Amino acid sequence: QKEVEQDPGPLSVPEGAIVSLNCTYSNSAFQYFMWYRQYSRKGPELLMYTYSSGNKEDGRFTAQVDKSSKYISLFIRDSQPSDSATYLCAFAGGTSYGKLTFGQGTILTVHP
Amino acid sequence: GAGVSQSPSNKVTEKGKDVELRCDPISGHTALYWYRQSLGQGLEFLIYFQGNSAPDKSGLPSDRFSAERTGGSVSTLTIQRTQQEDSAVYLCASSLGAQPIYEQYFGPGTRLTVT
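Protein chains in written order, with my numbering: chain A, -2 to 109; chain B, 384 to 498.
Rather than coming from a laboratory, the hints here were simulated on the basis of the structure. Treat the hints with care, as some may be off.
For lysine-lysine, the following BS3-like pairs were computed, each having C-alpha atoms within a straight-line distance of at most 27 angstroms [stated by the list, open to error]:
{"hint": "1", "chain 1": "A", "residue 1": "K(-1)", "chain 2": "A", "residue 2": "K39"}
{"hint": "2", "chain 1": "A", "residue 1": "K64", "chain 2": "A", "residue 2": "K53"}
{"hint": "3", "chain 1": "A", "residue 1": "K(-1)", "chain 2": "A", "residue 2": "K67"}
{"hint": "4", "chain 1": "A", "residue 1": "K39", "chain 2": "A", "residue 2": "K53"}
{"hint": "5", "chain 1": "B", "residue 1": "K440", "chain 2": "B", "residue 2": "K400"}
{"hint": "6", "chain 1": "A", "residue 1": "K39", "chain 2": "B", "residue 2": "K398"}
{"hint": "7", "chain 1": "A", "residue 1": "K53", "chain 2": "A", "residue 2": "K67"}
{"hint": "8", "chain 1": "B", "residue 1": "K394", "chain 2": "A", "residue 2": "K39"}
{"hint": "9", "chain 1": "A", "residue 1": "K(-1)", "chain 2": "A", "residue 2": "K64"}
{"hint": "10", "chain 1": "B", "residue 1": "K398", "chain 2": "B", "residue 2": "K440"}
{"hint": "11", "chain 1": "A", "residue 1": "K(-1)", "chain 2": "B", "residue 2": "K398"}
{"hint": "12", "chain 1": "A", "residue 1": "K39", "chain 2": "B", "residue 2": "K440"}
Quick caveat, the model's predicted, so the values are computed rather than measured.
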């Protein structure tokens, strides 16, 4: 079983839609939960970061963590064409310390 | 300020040749990471350096892979006797420290193609 499962998509939505991206994980030692966004031919950039269960909001983005179910989500409200990118969930903690364990990434396209 | 830079941006090499990939981290960042991103495997950790501590090499896929970090700054990832399965994008990241609370800043990557 992979430590992290993420549906690779691709996901295509119209502008203004609400997007839901999800990851499940199996390593109970993971204590830090992140979402990275990666544009084509660029390195990933940190979008959201949290270390507790619950919701964290930043503008149009909401990160949700459910440690009991080992499930994290990223919601994008009022999606824009500029949100078209690959979204990667990432985890850290326990013996892995600072090194990140990533999901496969979900390719998102928001069309006008 | 300047971000993480990597060179070359693209590298095409023949199977069996050695390659060196370079990473210039953000000034003042003590932690430096190498990751590999390929279609089948996603983004996977290779090695990280933190200050003067021994590097964590637990992600290196074989002994053909090695890395060094000189003077606590620039790092070089070396792949000897390259194989076609080494074709991937090699990403470098740096952060203020190795703890997960510090954001990792990624470079644009080196796209390696082994023919």
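Checked hints:
1. Proximity of K(-1)(A) to K39(A) is assessed by CA-CA distance (about 26 angstroms); at most 27 angstroms being required, the pair is judged to hold.
2. For the given pair, K64(A) sits about 14 angstroms from K53(A) by alpha-carbon distance, which is consistent with the 27 angstroms threshold.
3. Annotation: proposed proximity of K(-1)(A) to K67(A) holds, straight-line Cα distance about 13 angstroms (limit 27 angstroms).
4. Distance check on the hinted pair: K39(A) and K53(A) sit about 26 angstroms apart at the alpha-carbon level, within 27 angstroms; holds.
5. Of the pairs offered as hints, the one joining K440(B) and K400(B) holds, with about 22 angstroms between alpha carbons and a cut-off of 27 angstroms not exceeded.
6. A hinted pair counts as satisfied when its Cα atoms are at most 27 angstroms apart, and K39(A) with K398(B) qualifies at roughly 26 angstroms.
7. Between K53(A) and K67(A) the alpha-carbon distance is near 17 angstroms, which keeps this suggested pair within the 27 angstroms criterion.
8. Note on K394(B) and K39(A): the hinted pairing holds, with a Cα-Cα distance of about 16 angstroms set against a maximum of 27 angstroms.
9. This hinted pair checks out: K(-1)(A) and K64(A) have alpha carbons roughly 17 angstroms apart, not beyond 27 angstroms.
10. Our distance criterion of 27 angstroms between C-alpha atoms is met by K398(B) and K440(B), whose separation comes to about 24 angstroms.
11. Taking the CA atoms of K(-1)(A) and K398(B), the gap is near 30 angstroms; set against the 27 angstroms cutoff, the hint is violated.
12. Distance hint between K39(A) and K440(B) is fulfilled; the C-alpha atoms sit about 25 angstroms from each other, no more than 27 angstroms.
In terms of the numbered hints stated before, the structure departs from hint 11 and from no other.
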